[in-house]
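Enquirer: Going line by line, the protein sequences match chains A and B. Numbering of the first sequence is given in the numbering used here, commencing with residue 1 and proceeding in unit increments. Numbering of the second sequence is given in the numbering used here, commencing with residue 1 and proceeding in unit increments.
One thing to keep in mind: the hints can contain errors.
Pairwise CB distance ranges (calculated) [what the hints assert, rightly or not]:
no. : chain 1 : residue 1 : chain 2 : residue 2 : range
1   : A       : L455      : B       : R59       : 55 to 65 Å
2   : A       : A433      : B       : A22       : 36 to 46 Å
3   : B       : S60       : A       : L455      : 54 to 64 Å
Over 12 Å on every C-beta distance to chain B, these chain A residues come out as not near it, computed from the model [as the list claims (entries may be wrong)]:
no. : residue
4   : E156
5   : G159
6   : S292
7   : S447
8   : N451
9   : L498
Everything labelled a hint here was simulated from the structure, so no lab data went into it. If you're wondering where the values come from, they're calculated on a predicted model, not measured in any experiment. For every residue, glycine included, the Cβ atom is placed at its ideal position computed from N, Cα and C.
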Amino acid sequence: MHMGAVDWSILALYLAFVLAIGVLAARRTSTGNDFFLAGRSIPAWVCGLAFISANLGAQEVIGMGASGAKYGIATAHFYWVGAIPAMVFVGVFMMPFYYGSKARSAPEYLRMRFDEKTRTLNALTFALMTIISSGVSMYAMAKLIQTLHVFDVPFERLGLPQAWIFHLAILTSAAVVLIYIYMGGLRGAIYNEVLQFFLIVAGFAPLVWLGLRQVGGWHGLQTTLGPSYTQAWAGMAHASTNRLGVDWFGLVMGLGFVLSFGYWCTDFLIVQRAMAADSMTSARRTPLIAASVKMFFPFLVILPGLIALALTAAPDRPGAHAPASAGSVATIAQHEPGVIPIKMDSSTGKPMLDAKGHPQLDYDLATPNLLLRYFPTGMLGVGLTALLASFMSGMAGNVTAFNTVWTYDIYQAHIRPQASDEHYLHVGRLATAIGIVLSVASAYLASQFNNIMDLIQLIMAFVNAPVFATFLLGMFWKRTTGHGAFVGLATGTIVAALHHGLTLPVDALVGAKGGWIAVLHSYPSEMAQNFWTAIWAWSACFVTTIAVSLATKPHPESELVGLVYSLTPKIGGDKGPWYGNPVILGVIVLTVTVILNIIFR
Amino acid sequence: MTFDIRWPIGLLFLAIGVLVAAAGLFGVQPAGPNIDLDWGGGMIVFGAAMVVLAVLARRSGSSSE
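Isolated chain B (complex conformation) (with noise of 0.2 Å):
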């Protein structure tokens, strides 16, 4: 059994963005840019991309230790 230090990067990351997203659609927010929302789903992406690049790692046999 390996430890991939991107599975919890990647669930981290998701975690806290859709908080932020979440904060961004529901709170409120100052004027201009909705900073929360943007950043929100950029934190989703990048922890999805991670837990993907976690996923293909251990399916072709690799890992990152």
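For reference, chain A alone in the conformation it holds in the complex (with noise of 0.2 Å):
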């Protein structure tokens, strides 16, 4: 499949469109507020699709998408055990204390709670993190682009080589987005994520509809693969008796409390969108309103994979030879070839095999595949469309919350605190522009040294999963002190690195993937042995944090009447109708997901 002209004419509208965002938002930008906070003046339901927006990055559409094929439906724990109950807390709970403390940052929150070297500490891992994975994702993206082959054609025409593909790709979203946030700053990321979150829902809908008329509907996929991949609950009383490897507690405490708590609760990527909301009562709708569309995007991004999946043969997957009752499922098992490829080693040219001698599929193609496969000129455009949509999003997300946090939480705090407004507004802007070429660099780097890449989002994994621990009994323990939170954080963060080194996942070898002290303890997969390592790390930093508080010289209450929940007035009479009230939605999003729960258990 080729690009038509139609389809090239919906990219070039959409990039028009979105440079004439950045456009109009620079008209309101002219200071340090609007530039870093968009005005602090941006409605609640725009705000709220932002927050969906600015996580929802190619990573996450291809990601999950490659996960639904591989795992089943038991990927949308991601979203009904994960993301959801911790979208809902930080807007009833957590919100008040962001949004009301006026912290221009998540790191800036730390240093009013605490001090400032957790701020530090917070900010500068934060900083790193955000341009690596920027740059990672920015690297998947081009090379997906490549592996497509949709450009070929053009490029051949204009006599470039095809390894241009990947540099015009990168390049030309670098330059994008650098161009929206240089001149709108947080406003023209926020506007044009609901954009781009509309464009992706446009892209990818008709995919799962036209995709499930294939495969016969849901009925029909859970007829061509069975319970294991149809079945979110089924087996996960024993890590052995599912996919993901995992047992329901270690899903449950690891997955849905320590890490989906600690991203979308303190991850200031996120809490920037519901930080730039017009009041405090939409700073605290944001992620509910969030949480109530994000909570169907398990049928967006991970049945896609699924029904590719099912319109593949796998050599591994029970019917895949032997197909019952779905009769036209079985047929077009049989007579093409399968839209999920066998991955190949590139070096060799020879299938890649697993542990047992079959292939291995490529099922990060799933996704992309399908939308080849079953879109025609015009609405490839949009598919394609969505798909650059979703990661100038993710890439937007990351650059704006870098520029912020290097300006107010290193530059000010450490290397000019006292300059104009006029003054930070010209380093943030300087900041995009460095942030997005560092982003650049590092996806070049991943294309040369990927084990770097891994090895650098390991570690930033370690410093990550105690910071909710940190935040938790900050906004929720009057006592903890900052001696407490620092040493909680590193401990925590020691822990994880431990932990890691002490077990290996069943079938890895010794080395990045653990084991690399000893192995005292292997886990059925590498999601648990990620899982686990979360808990430890964050129950040592828990402890840690409160031991150490209780030993030190507490904060005078004084200084933290707006920052702690017992020093804080309750937010009394949200004004507007019932619909709008934070704990209401709140109830309502959590019964929904229940429900969900239950229909796909």
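Both chains are sitting in their own frames, so use the hints and assemble them into the complex.
Expert: Structure below.
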């Protein structure tokens, strides 16, 4: 499938609109408050959709489809156990302190609540992490675009080598994101994220619809793939009886509590969108509006993976060769090559085999290949634009978070404290450009030294795992001290590294996957190891923070008003209709999430 | 002068919707449902709704920001 004139026009229209929004937002960007916080003037629904988009990078769209094909509908746990409860929690309980404290960033909240060293530790690791993750996703996206071969023909016609598709994909998207954030700051990013949100939905919803028709609907999927793919809670009692290789406790505590709350409640990339809201009520509604949409995202991003798998004759899948009743499905599986290709070793050109000698499938291509196969020219343009939009929104989220943390938490805190607002605005724009250049550099680093990137991301995971304990204790226990928070964070990180060094997933080699100190315990899967690393790190941070806090001098209570739950006046009398009340919204969202879990149990 | 994000969203969806629906009407389509025409039409309706909402908001004096 190659791009037709219609597809090119759609892509061009999208780019023109994105840039135009940057220009429009720039007209209203004259102070630091405008640039870094969008003037705290954005309505709740806009913030809510931006909240989803900033997280909806290409890694999410492609990765969730890949997980869907690999693990089945159990991937939805990342939403229905992970993201949604955490989003409700941050909206109902934590947003009053983020928004009410007038902090300009999550690290700045840590400075107000604790001290400078805790803020600096958090700011430095966060800044580094945003650059690396933006670079890695840029690399993955460019690689994907090259693999899809949709741009091969125009490049041939222009006499350009195929390798340039990779360069052009990276440089074009970096340049576009740079322009609209440089000009419009957070406002430019947020408005574009809303546009990107609608485009992503417009691009993937018809794919799910067409795909489900092909496989005979949800019922057809159940018949073709069997319960291990189509029941989220089947076999979760024990790690060995489900595809994830995790038991329910590791899932609920590791993914649900530690990792998801850590990400959705403390990651500034996410929280920044709510901080831009026009009022406290809007700020609290932001994550809840986001959650009420996001809980249906498994159907948008995970189902394509399952559909692609059903349309692929996989040798290790029961039913692939002996189709019982699903007549039309079986015909497709037998007569067409699979949607998900076999993974090839790029050095030998031979298929990669798993431990049992079966060829491995390249799950990352599940969603993109489905798109290429079922979209005619026209929709193809919409689908590819949606992919590009998801990629840009994820990158813009990283860049806006980076420029704010760099400017306020590193530059203003340590390099030049007393400069004018104009000066910091200037620094923020410069940080945007530098951040994007560094992301591009790390994308190329990833293409050369993939292992180094894996290693840096692993270290970042150690740093990140305990952070939620620090925020939780800071907001809800007034006795927590700065020394306690700092020592707790450091201990949590060390424990995460130790746990990783002492355990290993089965079938993995000692090294970057774990066991580099000694192998004391082996986990049934890498996911189980990740979840338990997080649980250990969080618990260590939690206990150490409490112990050190009790041994050190408490902050005077007068300094903690507005920062800690028990010392902050309750927000009473939310004006407006009942459906705008954050608590009621939260209860509704959680109830529907429970129902979804029951339906797909 | 306020800025309402529903304007650009509405206009972009109208434009893309027209392009895709035209591809569905005049282009070569695979067997089965004409997804270009159906979804292109859907995008036109959504785009128009966004524009109407933006116009109504401007008339009533309230704005999105």
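Enquirer: Indicate, hint by hint, whether the structure satisfies it.
Expert: Status of the hints after comparison with the structure:
1. At roughly 58 Å, the beta-carbon separation of A:L455 and B:R59 lies within the given 55 to 65 Å, and the hint holds.
2. Range check, A:A433 to B:A22: about 39 Å between beta-carbon atoms, so the 36 to 46 Å window is met.
3. Checked against the hint of 54 to 64 Å, the pair B:S60 and A:L455 passes, with Cβ atoms roughly 56 Å apart.
4. Once the 12 Å rule is applied to beta carbons, A:E156 is consistent with being away from chain B; the minimum gap is 22 Å.
5. Distance check for A:G159 against chain B: the nearest CB is about 28 Å away, which clears 12 Å, and the non-interface claim stands.
6. At roughly 19 Å from the closest C-beta of chain B, the C-beta of A:S292 stays outside 12 Å, upholding its exclusion from the interface.
7. Remark: the non-interface label on A:S447 is consistent with the geometry, its nearest Cβ contact in chain B lying 32 Å away (cut-off 12 Å).
8. For A:N451, the requirement that its beta carbon stay farther than 12 Å from each beta carbon of chain B is met, with the minimum near 41 Å.
9. The claim that A:L498 lies off the interface holds: its Cβ sits roughly 48 Å from the closest Cβ of chain B, which is beyond the 12 Å cut-off.
When held up to the earlier numbered hints, the structure conflicts with none and fits them all.
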